[in-house]
Amino acid sequence: MSEERKAGVMKKLEVSNKDIPGALNSFLAEILRKGKAGALLVPQKTPSGSMVFPALVSDPEKIQADPLAPVLPVPTAAMVMTLTREGTLFSPVAVLMRNCQIRALIELAKLKQADLANVILIGMDCAGTFSINDYTELGPEKSSTALFRSLLEGDHLAEKLRTACQTCREPIPEFCDILIGAYGTDISTGLLIQAKTEKGEKILEGMPLKPGGDEEARARAVHNLKEKRKEADRSFREKYGTIKGIEEILKFYAKCINCQNCRRVCPVCYCQECFFCSEHLAQTAESLMRKSRARGAFKMPLDTLLFHTGRMNHMILSCVECGLCEQACPVNIPLMQILKRVAFDAREKFGYSPGRSIEEEIPFTVFREDEFKEVGEE
Amino acid sequence: MDKEFDPKIVGFLCNWCTYTGADLAGTSRIQYPPHIRIIRVMCSGAVDPTYILKALLEGADGVFIGGCHPGDCHYLSGNYKARRRMVLMKSILETLDLEPERLWFRWISASEGQKFADTMIEISEAMKKLGPSPIKEFWNV
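Going down the list, the protein sequences come from chains U and P.
Quick note: to get the working numbering, add 682 to the position in the first sequence (first position is 1).
Quick note: to get the working numbering, add 6 to the position in the second sequence (first position is 1).
Simulated from the structure, these hints should not be mistaken for lab results.
Incorrect hints may appear among the rest.
Unchecked claim - Quick list of in silico lysine to any residue cross-link-like pairs, SDA-like style, CA-CA up to 20 Å:
no.	chain 1	residue 1	chain 2	residue 2
1	P	Lys-96	U	Arg-1023
2	P	Lys-96	U	Ile-928
3	P	Lys-96	U	Leu-932
4	P	Lys-87	U	Leu-932
5	U	Lys-700	U	Pro-890
6	P	Lys-96	U	Arg-919
Use the sequences and the hints to build the structure in full.
Shown next, in the form of structure tokens:
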């Protein structure tokens, strides 16, 4: 991915009989059939039709991709990490992802936890996702295409989107080899396809695409969407700005059962053994009794707030605000109400934006001698 | 008469500079308030933010991290890395309004016994003024 990033001309993937998944599936199958990738990692409907999970598909006959399904059950970026953590893949794998997951993958690559050399990134416009439970309620009634279209148009269903998606500032992939665009076009007749790198250009060579796509309409639609989301993000952070101070913070995390699901599904929590599962925080019976005598009483299991605030210190600068933590919380703690504010302030301090660029160094991996002079001196 | 509040302060001191500086303060018989509980670490850069939080959440009234002056790190850059971590830690505590003013970070070299004592006085006074950490009142942290 370090190659020169130069966007190619916009093309169109024609959709016949309004069958958008059909058109996408033939496009993806063609990548396999032409030998342009050894496998695809794509969101695929489960046989029961009730859920959508990433699948690693190498048989073109078995592709049943459903990239329009508005649900993100697991961090796709972590799946790519699993595939590439030990080194470059032997044969190229094309991965179809939402932008939050692409941004997380960039962070993982910078942390040397993923190797993008043989990964073909296909980014698709994201119209937002529902929580798993909301999706499994809505899914059977409405087709993915119908749901996707409703969300693109921003109808009342958009109010049911996950908080993270309603306030997402970056729904349009920037960093990818191939972009599949849905904003700024009539998706019932075609999707926009654009190579963003030479690697992407090579994949698109000889693919059945038509010229077309109104670049101006596209740019306008993307601009409007981003402006709307920027405001949604801002007002969200403002609305929950009152959750602060020890009393409020403890009330906020009151339901936490220390299951650590939030970190298990976090795409940027990459440690193979988490600090909070390690022996570091283990306590002996004797030390627990001593602590009880010293403080009179304390809650068990211990260290709930330590886990949440400690985790923030470890990952917040790479947090892409995908909200999977919130979705995975079994007791429905609205984690984004705090994380989005903490992430925003941290980004401002370091002038860093996770997933913005593969070159931009993660603040904790570097330092400058002449910075933050006030720290340690006042 | 009410007993004066004695703040509990946990200090993480770098072995090469601040810890030696504290030692010098002691051997030079410089007086300073006995509120600090010192933990010697090999480098300020080795202090994971979780240790600082652990101290604060267990009810410490203040936490002090002492490292070598910029450019003087025994491991070349540990203190610069610690400095970035402090910036983030402060930022998080500020956002959550969890009393960032209880967190102290200073550069004190092995020869600065007086500076160590002065810093201890400064921190003790400030923490006395701020009062006991409210976290102690909650058993459900």
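Is P/Lys-96 within 20 Å of U/Arg-1023, Cα to Cα? Holds, at roughly 14 Å.
Starting from P/Lys-87, check that the Cα of U/Leu-932 is at most 20 Å away, please. Answer violated: P/Lys-87 to U/Leu-932 is near 30 Å, above 20 Å.
Against the 20 Å threshold, does the CA-CA distance of P/Lys-96 and U/Ile-928 hold or violate the hint? holds (15 Å)
For a C-alpha distance cap of 20 Å, please report whether U/Lys-700 and U/Pro-890 respect it. holds (17 Å)
Going straight from one Cα to the other, do P/Lys-96 and U/Leu-932 come out at no more than 20 Å? holds (19 Å)
For the pair we were handed, P/Lys-96 and U/Arg-919, check the Cα-Cα distance against 20 Å. The hint holds at about 19 Å.
Violated hints amount to a single one, hint 4; each of the other numbered hints is respected by the structure.
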